[in-house]
Each structure stands twice: as C-alpha cells, then as structure tokens.
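A.B. asks: Read off the chains here:
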Amino acid sequence: MSNKLIDFVNITKSYGTQTVLDDLNLYIRENEFLTLLGPSGCGKTTTLRILGGFENPDSGHVIFEGKDITNLPPNKRQLNTVFQKYALFTHMTIAENIAFGLKIKNKSKQYIHDKIKYALKLVNLDGFENRMPESLSGGQQQRIAIARAIVNEPKVLLLDEPLGALDLKMRQDMQYELIRLKNELGITFIYVTHDQEEALTMSDTIVVMNQGYIQQIGTPEKIYNEPENAFVADFIGESNILPGLMLEDRLVKILGIPFPCVDEGFGRNKPVDVVIRPEDIDLLKPGEGSIDGVVTHLIFKGVHYEMEVMANNYEWLVHSTDMFPVGTEVSIHVDPFDIQIMNKPESEDEEAVNIEE
Amino acid sequence: MMRKVLQKIYLGLIFFLLYAPIVTLIVLSFNNSKTRAKWGGFTLKWYSELFQNEQIMSALYTTLIIALLSAGIATVIGTAASIAIQGMKNRWRTLYMGLTNIPMMNAEIVMGISLMLLFIAIHVTLGFGTILIAHITFNIPYVILSVSPKLRQTSKHTYEAAMDLGASPLQAFFKVVFPDIMPGVLSGFMLAFTMSLDDFVITHFTKGPGIDTLSTKIYTEVRKGIKPEMYALSTILFTTVLVLLILVNYSPDSQEEGGKKARKAKKRPSKVRMMVVRRVIPAVIGLVVVAGGVYYAALSQTMNDEKVIVYNWGEYIDPEVLTIFEEETGIDVIYEEFETNEIMYPKVSSGAIAYDLVCPSDYMIQRMIENDLLAEIDFDNVPNAKYIGEGYMEQSRQFDPENKYSIPYCWGTVGILYNKTMVDEPVDSWSILWDEKYKDNILMQDSVRDAFAVALRYLGYSLNSTDLDELTAAEELLIEQKPLVQAYVIDQVRDKMIGNEAALGVIYSGEAIYTQWENPDLEYVIPKEGSNIWIDSWVIPKNAEHKENAEKFLNFLCRPDIALMNFEYITYSTPNVAAQEMIEDETIRNSEVAFPDLSKLPELETFRYLGPEADAVYNELWNKVKSD
Amino acid sequence: MKNKRYLAGPYLFWSVSFVVIPLLVIVYYAFTSDEGGFTLVNLAEITTPENLKALGISLLLSFVSTVVCLLLAYPLAMILSSKNMNQSSFIVLIFILPMWMNFLLRTMAWQTLLEKTGVINSVLNFLHLPSLEIINTPYAIVLGMVYNFLPFMVLPIYNVLIKIDKDVVNAARDLGANPVQTFLKITLPLSVPGVISGITMVFVPALTTFVISDLLGGGKILLIGNVIEQSFKQNSNWHVGSGLSLVLMVFIIASMALVAKYDKGEEGSML
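Residue numbers (the numbering used here), protein chains in the order written: chain V, 1 to 357; chain X, 1 to 628; chain W, 1 to 271.
Don't take every hint at face value.
Calculated cross-link-like contacts (lysine to aspartate or glutamate; reagent style EDC-like; alpha-carbon spacing at most 20 Å) [stated by the list, open to error]: (1) X:227 with X:315; (2) X:386 with X:376; (3) X:600 with X:529; (4) X:45 with X:372; (5) W:166 with V:338; (6) V:85 with V:68; (7) W:166 with V:55; (8) W:4 with X:180; (9) V:85 with W:133; (10) W:4 with X:164; (11) X:404 with X:380; (12) V:222 with V:338; (13) X:4 with V:55; (14) W:116 with X:491; (15) V:182 with V:197; (16) X:439 with W:133; (17) X:34 with X:620; (18) X:437 with W:165; (19) W:116 with X:529; (20) W:116 with W:133; (21) W:233 with X:620; (22) W:53 with X:476; (23) X:347 with X:372; (24) W:116 with X:436; (25) W:53 with X:480; (26) W:83 with V:65; (27) V:85 with V:173; (28) W:4 with X:328; (29) X:227 with X:164; (30) V:155 with V:65.
By construction, these hints were calculated from the structure, which means they are not laboratory data.
Here chain V stands alone, though its shape is the one from the complex (with noise of 0.2 Å):
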C-alpha cells in the first residue's frame, strides 16, 4: 500500500448541540478498502458525506491529493458514492441513469454507449437498459448504483450502508462482488457500515468508530484479535471482558487468579481490562485448568457448541467444538497469547467512549 490519497485533518463537526464528530484525524491509502465501523450515530456516515461534499465540517481539513478541498463542492470532486437507499433517479431508465454523470460531462455518445455495456456487465445485469428503477429488485438496484458511480471512473468510491437493506443471502453474495469489483477496477473504497461482519470479510483497514472518536484502526485480524479498548472488543465479535490487575510484565491476576500472558509495559500492580475471546477458551477436567466451574447453559450452535460456565462468580460464555451437558464440572484454561490486555479508559472522553448497548 502507497501513500496517503485522502487526509482528514482535524475535522469537527455538531449538530445543534451535538457533536458527531470531534478533531478526527484519519488519512486514507490508494487502492485500499477501507471500512469505518460502529454503531448509528457515531459520526461514521457523517465522515463519508464530509468526504462527498455533502456537509460541511465546522473546522478541519479534507485533502485530497494534496489539495484542500473542503469548500468544493460534491460535482467538483473526483469521488462517487453508491447511497444507502441507492437513490436512483425514478424518472429515468437504467441506462440513463448510468449515463447521468457521463452526459454531464459531455462524453460522447458511443462512449457513454460502450460505458453502460461495460458497467452492466460488470455487476452482472446486462440487458437492463430500458428497464425502470422501480421495476428492480432492491439487490438489483444496489448494482444499479454502483454501475452508476464507477461509470465516471472516480478515484474513491464511497459506499454509505450499501447492503443494510438486503436481506442475509443477498448480502453475503454482495460482499464477495464488491471484493471482486474492487480487484478489478484497482481503486479505493471508503465504506461505512455497522455490520462487524462485512467490516472483517471486506476490508483492508478497518477504522472502529464510537461518539465521534476513532476508537482503533488495523487490520481486520488486529481489531479482531487485539482490541485496544472495552468498546472494541465488545463490539468486534463475541467476548469475555473481565477487570483484571497487572501484577508485573507477562501476569495478570483475574477474578483474583493470576493467569500468564504476553503483554509487558503495564506497569506493575496496574488495573487493567483483560479480553478473552470465547473460542479461546479450552474445557478441561476439573482441576487441570485455571479455574474450575460449572456449565449452566448449552446451546448448539451449528459449527460449536456455545455454553456458560459459572466460575468464581463470573459467568464465561465459551464456544466449542466439544459438547459439555448441563451441569458438567469443567475447568477453564487459557493460553497465555489468547489473553489480551488493554488500558482502563483513564480521562472522561473516553470513559463516554464505553459501551452503551
């Protein structure tokens, strides 16, 4: 990955008397597929539109290449955006719909004509032309949509929810073609969803939002794997979080057991949040684990069992391949790279920043 295309300097923004974003500082790659994820209302839609040229930040920056362009308005800006409610224009055809920025711009008309067939094609619709949005199913809109946006050969496609209104086949399906489209046409895709699954199947970087504040940016293994707050890893998958205390580098003391870790820095006798994934978590014998407990809930899940082991009054929630029935006494074990530790929010900003739901 190269260098940075889009830079977010210090962008504030509020509604009234409330504030959707607050000094956010993101730049964004060429050629990356970049996610902003979180929850509705923490300001991720909104960083999209500033970027559209929808809104206007209160302070702050957009550059683009270099240049500022944060005053310029959306037609003059070499980004395009596939909507949420894909917002085809219902007066017009298909193809006119396609054709709408390419007529603004004056091409001509076997261009445009070749352009359509090549768009149609490439989200699978061919033989659409005449036909009318509402006429379309909502998969097939969402295409229409996209064909529309990529047609102008923008630099970054910007993606708002684009899949929240499909239904679970659809979208999975949908996933994998914005994959492929993304391969193909070797630009950038900014893409906002609160989906943590489209999030971690799709993306290259992932940015977790939450208030207004970005709350972690990598990876999807990085935000799965080593969440840098309770929020993160709450919101990221399923997860056991626990108040623990760092005795010294490399141990933890959780629900008053020291357990063995990776993490060093700390600091010693430092209160810390501790994460363990439920996969992570391995059933043994009574007494040959950590902690021992007793399994109050099983449920079958499919690919694992998911059950709830009562321990030193904690309830873990575990995932195994390895079925446990009511009751069973089991001990808990975890490997010392499965545990992830992470910071106590420490001033007020980011104690707002926990989690809510």
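We have chain V; now place chains X and W onto it with these hints.
C.D. replies: Showing chains X and W alone in chain V's frame:
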C-alpha cells in the same frame, strides 16, 4: 449567506402578499368611520355593535352551523368511502377516484348552477337544506383525499392482528385502524370546515331568499358598502383561529430541545395539543351551537300574535325605529330585506310569504298595480300621511295615478357628484362624462337602466325609451365613454368619491348628502338635460294578513320625529315636510341637494316598467357595452 | 378487510345524486329551448362577439395567472422544503389561515390597497416613487387571482418536493451535475406531478371566476364567469347559461386532458 438573505426577502414578499389584505381588514375594523376610504381615528365601537347586529350574527350562525354540519357529514361519508375504496380492485378504485375528482376539478360556478337547476327541477325550495347539501357535496372529496393517504400507510396487518387477539371487526376498526387514520380524518374535517366557511360561489347559487351566510351577506354588502361590523367579526374569527392553531402546533412540549426528544414529542401529541384537539375545539363548537340555539329560541319566543311582516331594502331603516315601535305598540316587527326590486317582485307575487308592508320603487309599484297585487291603503288609519309634501304625492301619480296604493318613504334624483378640487369648469351637463380630460376619473353606475338613463337623457331622449334607434345610439355613446370610465360600480361611488379616487361619479342624491358630510370638496348637480327622479313608497300587498298593523306601522313611520330619525340614519331625502323642518343642521335643512325645489329642477322622469321584451333589449345592449 | 364495499354506498348515492345528475340537468337545459324542444342555439351563444371576447379574456387572464402563480410558487416551495421545519403543518397553516378571513373581504381589501389614493400608492407617493395604477385593469384581476389561488399552487409542489429523497439530489451532484443541472434534470422532472396538480387547481378557478373580476375589475372587464352568472341571476335565461356552462366545461376538460398528457404520475397530491 447571500442566498439566505435573498430567501428571506422572497419569503417576506410572499408573506406580505398573503397577509397585507388581512392586516388591512384588521386595521379597518378599528376605523372610526363608516367608509373604508377614510381613517376616522381608533375605535372599538364596531366590536360592541357587532353583537347587536342581528343580521350579521344570524349570518354568522348560519355559516358556522352549515360548515359544522357539512364538514361532519362529509367526514363520515368520506371516511367510510375511503375505507371501502381502499379495499377495492383497481378498476373500481379508479372509477371512485374519478368520481371524487369531478367536484375537485369542476368549476365552482358550474357545480353551483347544476345543483341549483337540480333543486328547482325537483321542486326543492332553495334555503338552508340546499346550501347544506351543496356544501356536503363539495366537502366529501377533501375528506377522501386526506383520509386515503393515511389509509394507504396503515398496515392491514394491524387490523388482522387485532382480530386475531379477539376483537370484533368493529372493535378492531375503532381501536386499531381509526386511531391510525385519525390525523387524516381530522385534517379532512378541518379542511372541509374551512372550505365551507370560505365558500361563496356555490352558496350564491344554492341559497334561497331570506337566508345568508357570511359570504353572501358580504357580497350584497359589497354593493351597499361593507359594514365595519363585518371587519370586526372577521378579525375576531381570524384571531380566534390563529390562537387555536398556535396552541395546537406549538405546545410547549414539542418546542423543548432538538434531537431525539423532539422527535418523540412529535410522534406523541403533547398534552396541550391533545387538550386543544379533544376538549377546547369541541367545547368551542358546542358553545356556538348552544348559543345559537338559545338565540334562535329566544327570537321565536318573543313572537306573539300581534305582528307585522315588513319587507324593505337593505340598510333602509334605523333599527332603533323598530324597537321604539315594538315598545310603543306591543306589535312585533318581522323584518326582511331585499337587494333589488327584481328579487322582491317574485317573492311577493308568488304569495309564498304574506308580507304586510313592502317598499318597492316607482316602476315596480306600477307593475304591481297592473298585476293587481296591491291593496288600497285606508288613509283614515294613517293620519300622519298629511306630513308628506303635496309635491311628492303629485309625483307619485306617475305610477299610482290616484294615490290609492302607496305612501312615499324616500325619494331622490340621479346626478353627477364631482370633486371641486379636481374639476375646474362648472358642471351642468352630462357631456362632462364624455370629456377626455377626465379619463380614468369617471365612475359610472353599474346597472342597466341607470347607465342608459344617463346616455338617453344626454341625447335628449326619454329614459323610458323603447325605440331601438334611440337605444342603439345610447349604446354607442356608452361604448364611446367606456375608455374614460375608471369603474362601473353601484354604491361604491360613495366610498370612492370620499376617498378622492375619482373626479366625477354618477350617484343618487341621497348618497350625495352623506358624501358631503365626509368630504366637503364634493358637489352634487343635476345636469340640465334632465335626469331620473325616483320614489320608494310603502305599499300593502293584497294578501297581507295584518293590514291594520301595517297601517299602524305606516302611520308611525310618517310621524315627523320618526321620519327624522330615519333620514339621519339613511340620509336619503324624506318627503316628510314636517320632519324636514325639524332638522337642526341649517345647511342640510336648506340643502338644494336633499330638498330641492322640484319646480326649479330640469326635467325629471321616473322609471316606468317597460315589459319583458324591452327589458331583454336593454340587457343585450348593456352586455355589449360591458364586454366591449 | 373484507366486505367493506357497502361502506361506499352512501358516497356513491350522494355523488350520483348531487354531482352526476345535476351535470346531466345542465346538459338537458343546454340542449333545450324555453319551449322544451331540442336546440343548439344555446351552445351557439358562445360564438357571439361579446361572449367570444369574454371567453378569450378569461383564457388569457387565467393562463397568465397560472404562469405567475407557478413562477412565484416554485421557488417558494423550494425554499420552504429546504427549511427542514419538522412541522410541515406550520406551512399549511400559513396558507390555510387567510381563508378564515372571508374570501370576498380579502379580495375587497386589495381595493383599499391598490386604489389611486390607496395604501400602496400613499406609501409610494411618500417615497416619491411613481404610483401604481392597476386597479380596475386586467392587472388587478390577475393580482386577485394570483393572491387567491397561490396556495393551491404552493401546497402540491411543496408536498412533492419534500418527498424527494435528499440523497437523490446529492447523487446527481455527486455524479458531477452543478446545482442548475441538478435542478433541471432531477428536481424539476421529479416534481412534475405536483406542478400538474397545482396548475389544474389554479387554472380552473381562475378561468371560471366572476367574483374577482367583479371586485377588482371595476365592472369594466367581463369574464366568461360573469356572463354565465348574469344569465342566471340577472337575465334569468337558464338555457343560455347552461349552454355556456357546458362550453366552459368542455374547455376545462380539454385543458385538463392537455395537461394530463404530460403527467404520467399519480393522482393529485394536494394533501
């Protein structure tokens, strides 16, 4: 920023366009002058007089009752129809929506006429009922168009869910569907109510004589000059609605904070709003109905057997006079008004209502005598008739040759009223109305006979001419005059001359006196070519049931003090010589305008009834003038 | 909801009795003479020079008023719809409220405003500006029509505009259209249904009014509405009046059909 400012300016301009007339009306309601052309200082008197004005109050009551009933009935029929239409197949739905669109798209005038023709064809008397039916008819589409969209938004599953939970279809409807479409039903009702309240055209055609809504009342007043009480009433109505709507729309809850809270507050109507919708509005409506009912009941209770039914021109008697008569004699006066002789005539001739005393004009009295509609007056019962000047009785013989049927009430001439500051030369001839110098400064009478009278006399012909050549010449003269005329009006000449709107106007002498009071620059003259003299006299129809009471009332009206009261109220010349002598103001008592020496005046003619064929010729020629 | 059809019964009865049949009565009167025989004379009345002129002026004035209304209302509706007031009822309120001042009084008030010595001219004189002399001219009638019917143009257009998804407009801008292009290619075409219903709701009453010309035209300008009104209320010639009404209806239907040709969309959206 610039754009915002421009937007504000634009909104301001539109707002001005919409509300300038309304502010004007509100200002006029505080104007201490009867004419809208002059500001006479601030007063609240019209507000207190309003409540004593029975005609306006009863028109208001009729208007509100019709609006309420028509909106209510239309809401029930319309809502039921919307529900049915919602469940229909496409073809039927299109048919019904088409049916709904007819009254929306059709011209009001055509709809009014069509209903009038229907009612007459099936012999339904035009009146309260016909107005109500007409209003319901044009109100239903408004209800359907506001309920239907709400129904479309309502999921039919909620209805099914309610049934599933054990509700009967009726319960399911009233507990689940109805609350959902309630806003639509309510706005449909309000819209219908407003439309009914504001309607003029359809009411104009479907109303019968004797009943008026505010609109039709105002329309007749436009000709006579609008009573300031009407402005007061409109101001009260307007502010009441304004306050109610502000209460409904800006309850304190929904104003609190932006964001989520506001959104929630909006979905759930605030307490104040609910209060207004559920309690205040019905309470106001209820109050109006009850008050009106009591008022009507009180009105009918006072009616005893001793009564006299009087049919007179609008604004043609001092209301105080009626009260005095009732107190003195114990006889109730039932008082009705007409606008023109032509409207009065069929009502009397049909005998639908047995009037005891009517006040038509000269030519109409002639027609009534010819058609044997009148009873001879027993002059022994009207000793005060002696106060009527002999000259007027003589003039009356033109239409009542033996002075048997009529006693003059008011009289006057038609002449030119001019503004001394705007006209330099002496005015003594109709010819000045054709002087290019006064282009756009001339006001002509907007009625066939009066307009032709001017032209015919100017040409030296009789104003009762039926000679086609003479009439055509007059028509050509009037067409020639048209570019010079500022407006064709009736009683508005008065207001416009007072307000210095025009230099010259054709006017009745009675109005001239009043205008001179208000604007001393005005002068009245009867042109040398001669003009029209008219006399309105009291007559007793043959079918009168209370002839003696009528004569008592007639005698009362001839009493000099009473005649004086009336003169001072209506300012039309009284033929009552004794009353004339009692006038305190010397200039008026000796006024050449009010009481000219008839013998010294140029040739004056009364109008005669010319028969239906001549009438048609006049109308046709007048139409040509007007549409030229 | 089954078996709800009977609920439309009262409405059907009412419509047939008081909408359809009365129209047939007009047709009957239009084609018969005083003696009761069939005749086309009443319809032919429209061809007399006076009536043709009245019809011509009516068409002209109502056309002009409609255009003026449209030009005034569209920007107004756009501004209002961009205001993002969550109380759209407030806007309706502004336009419905004047209706509680009687229509005739409101129109009359323009006389007081427009007269030679009226309020507006007094202000203009005071500012040493040339006076406005339009009272008793066709201009005053157009003003009266615009004033009275403007809300019927604003409301449907406003209602269509607020329903347009903001993102559709954004999408056009995103695809490179400048504000003017966006308006011409997106906003305007999408608002056509509102414009159409606005036009019908202004044109028809303007074409057929007799009150506004009465009050502001100084009795000098006879519209077709005045001719029809007079034939019923003054000349008592119902057959001719019906004949002219029928002709007027034909004109209305024709103009509606003309307008509807450009309207592919839904039913009127006044509400």
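A.B. asks: For a quick check of understanding: which of the numbered hints are violated here, in increasing order?
C.D. replies: 4, 5, 6, 9, 17, 18, 19, 26, 28 and 29
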